[in-house]
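The listed protein sequences derive, respectively, from chains D and R. The first sequence: position 292 = 292 (my numbering), numbered continuously. The second sequence: position 125 = 125 (my numbering), numbered continuously.
Derived by calculation from the structure, the hints in this document are not laboratory data. One thing to keep in mind: the hints can contain errors.
[Unchecked claim] Ranges of calculated distance between the beta carbons of each label pair, as one might list FRET restraints:
| id | chain 1 | residue 1 | chain 2 | residue 2 | range |
| --- | --- | --- | --- | --- | --- |
| 1 | R | A63 | D | R10 | 37 to 43 angstroms |
| 2 | R | G149 | D | R16 | 23 to 29 angstroms |
| 3 | D | I353 | R | R121 | 55 to 61 angstroms |
Computed from a prediction, not measured in an experiment: that's the story for all the values here. Cβ coordinates follow ideal geometry from the N, Cα and C atoms, glycine included.
Residues per chain, in single letters:
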Amino acid sequence: MNFVWTVAWRLLREGRFQSALILGGVCIGVAVVVYITAIVNGLQATIVERTLSSQAHVVLRPADRLNQPVMPAAKGAIALADVRKRTQRENTIANWARLLQLVKATPTVTGAAAMASGPGVAQQGGVRKSVTLMGVNLADYRQVVRLDNKLVSGQLQLGSGQVLIGKELAADLGLTPGSRLRLQSASGAQDSVQVSAVLDFGIKDLNRRWVLLPLRSAQNLLGYRLDITEIYVRTSRLYEAETLAANLSAATGLTADSWQSSNGQLVTALKSQRASSLMIRVFVTFAVALSIASVLVVSVVQRQREIGILRAMGTPAARILGVFLLQGGIVGLLGSLLGSLLGAGMAVGFSRIAHTEDGSPLFPVALDSELFVSTALIAFAVGVLAALLPALRAARLDPVEAIRG
Amino acid sequence: MADVLLLQAVRKSYGGGASPRVEVLHGIDMALEEGSFAALIGPSGSGKSTLLNIIGLLEPPTAGELHLAGKLASGLDDAARTTLRNRYLGFIFQFHHLLPAFSAEENVLMPMLAGVGRISRADRERARMLLQRVGLAEHAHKRPLQLSGGQQQRVAIVRALMNRPRLVLADEPTGNLDTQTAAEVFALLHELNREEGTTFLIVTHDPRLAATCPRQLKLLDGRLL
Chain D
1 MNFVWTVAWR
11 LLREGRFQSA
21 LILGGVCIGV
31 AVVVYITAIV
41 NGLQATIVER
51 TLSSQAHVVL
61 RPADRLNQPV
71 MPAAKGAIAL
81 ADVRKRTQRE
91 NTIANWARLL
101 QLVKATPTVT
111 GAAAMASGPG
121 VAQQGGVRKS
131 VTLMGVNLAD
141 YRQVVRLDNK
151 LVSGQLQLGS
161 GQVLIGKELA
171 ADLGLTPGSR
181 LRLQSASGAQ
191 DSVQVSAVLD
201 FGIKDLNRRW
211 VLLPLRSAQN
221 LLGYRLDITE
231 IYVRTSRLYE
241 AETLAANLSA
251 ATGLTADSWQ
261 SSNGQLVTAL
271 KSQRASSLMI
281 RVFVTFAVAL
291 SIASVLVVSV
301 VQRQREIGIL
311 RAMGTPAARI
321 LGVFLLQGGI
331 VGLLGSLLGS
341 LLGAGMAVGF
351 SRIAHTEDGS
361 PLFPVALDSE
371 LFVSTALIAF
381 AVGVLAALLP
391 ALRAARLDPV
401 EAIRG
Chain R
1 MADVLLLQAV
11 RKSYGGGASP
21 RVEVLHGIDM
31 ALEEGSFAAL
41 IGPSGSGKST
51 LLNIIGLLEP
61 PTAGELHLAG
71 KLASGLDDAA
81 RTTLRNRYLG
91 FIFQFHHLLP
101 AFSAEENVLM
111 PMLAGVGRIS
121 RADRERARML
131 LQRVGLAEHA
141 HKRPLQLSGG
151 QQQRVAIVRA
161 LMNRPRLVLA
171 DEPTGNLDTQ
181 TAAEVFALLH
191 ELNREEGTTF
201 LIVTHDPRLA
211 ATCPRQLKLL
221 DGRLL
């Protein structure tokens, strides 16, 4: 029987109505926080995953060729120049094997693939469709972009003379695995190839345009000789892609774009969503703290005489302080347990209600143990902090005044 | 026998600064012998409560010295006074002031729990013994509100004795009891005084009850007569 524990617990149990009020407040607040966090985290993870499912995390491209002045202006003289941006037509990466090895050896890089891409036309039965020819080494490419889950029909293989196409293009040209089609590049080079698989990249435009073919074939068609145009990179630290891009750029001398810079609007949207959910959580936490504090203040006033008696019989002020701080902590902890259950229930209920057309959940809610543990810890801390004012008030009561009432 | 309480020229005044300064106690000298049983009487406004609060270390005197159990107890800070209160003093209030959230036995144990922070088996035995002594053994686990007024006051009396205090201060302990019960409670205080050897100082309005005390201290206008 410990004084602080016993008295704190008994007073909470005795003041049933107040304790119920305060627990209800904490419970609802925590439920909102858990619900919002679970929904937002789940939504963001899903959006990022879907967006990046057919994108590289970092893309390395040749540095832009810039116009260099032939004759620098004399010191102190002002040069007037009308500079037009050069076309970057023939800008490719030569001697890329060494760079690819360098990139692959970089920490946090889980995959890198050389890519020779350029514009082209796909023809079949008199129908011509503008496409993007993407020459890859399939094994490398699959380290960067997951294809297994995108396979609609056929087999994921890319032997000589084979291509992988999107399902919209397949529909437009009436192609199935095994069918042949003719590819033509902008320069006029042509090749007859066979479809080995039809893929769904998740975005109609990509399904209409992307044609994956062996790196050699693409280089021949596009007239790049042995050069490539990009290096695709995948990293294990998704949210550090910008740093990685900067590092790779410095190491290779190429321009590097992270997925964040290629998806600026998405990143901004995600950031502002996260910021607004953080705001909601912060304000809800404040509201919870205020409700704990206000109920405890009332409780201290109501129990003034009892506190005075306890002080008179020789209870140190610190123990009285402890009693009310602990009450705040208990209320915070219990409320967060109840609130976590409620919030998790709401989030699961939401994911049951919100379906996509095919009946699968719109997105999975992210309910991890870390969320519950951190919520409980924060709720406990907020409870104790919120109880500080009432507790100080209780500890500073003058016993004589308190007993007199 | 030694004095358990000694007051020398104790003064108490309130106010000062903007409000006029009012002196309530004008130099009190008194001593209580160990094991004595004294009544403190006086009309309302004579300073009884103030004197009792000073002796009870709830308020510091403005001037003068107070010795409790041979220790100088005036001029101490709140923490030190709190410790002394817990160790040497027992309080009985007019309105018993039991804690409603705790059983009779827990209320009796409270001074020990409050001072030490925890309860030993010996403490529990003493609490039970005390309750049995005042005929409340079978009510030990009842809450105060389930007890009659006389029973509540008896619980409050043995609570004051829990820590084996040297001095028990009682402020109108029978004030809200009927005559019959009041007489019984007073008789009980006398018995406990003899059995436990605890010194009692009792503030009372009732001249008949005061007459039963071996010693009577009369306070009038802040002075002991």
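A quick look at each hint next to the structure:
1. R/A63 x D/R10: 37 to 43 angstroms: Between R/A63 and D/R10, where Cβ atoms are some 41 angstroms apart, the hint holds.
2. R/G149 x D/R16: 23 to 29 angstroms: Once the Cβ atoms are compared, 26 angstroms apart, the range 23 to 29 angstroms for D/R16 and R/G149 holds.
3. D/I353 x R/R121: 55 to 61 angstroms: Once the Cβ atoms are compared, 58 angstroms apart, the range 55 to 61 angstroms for R/R121 and D/I353 holds.
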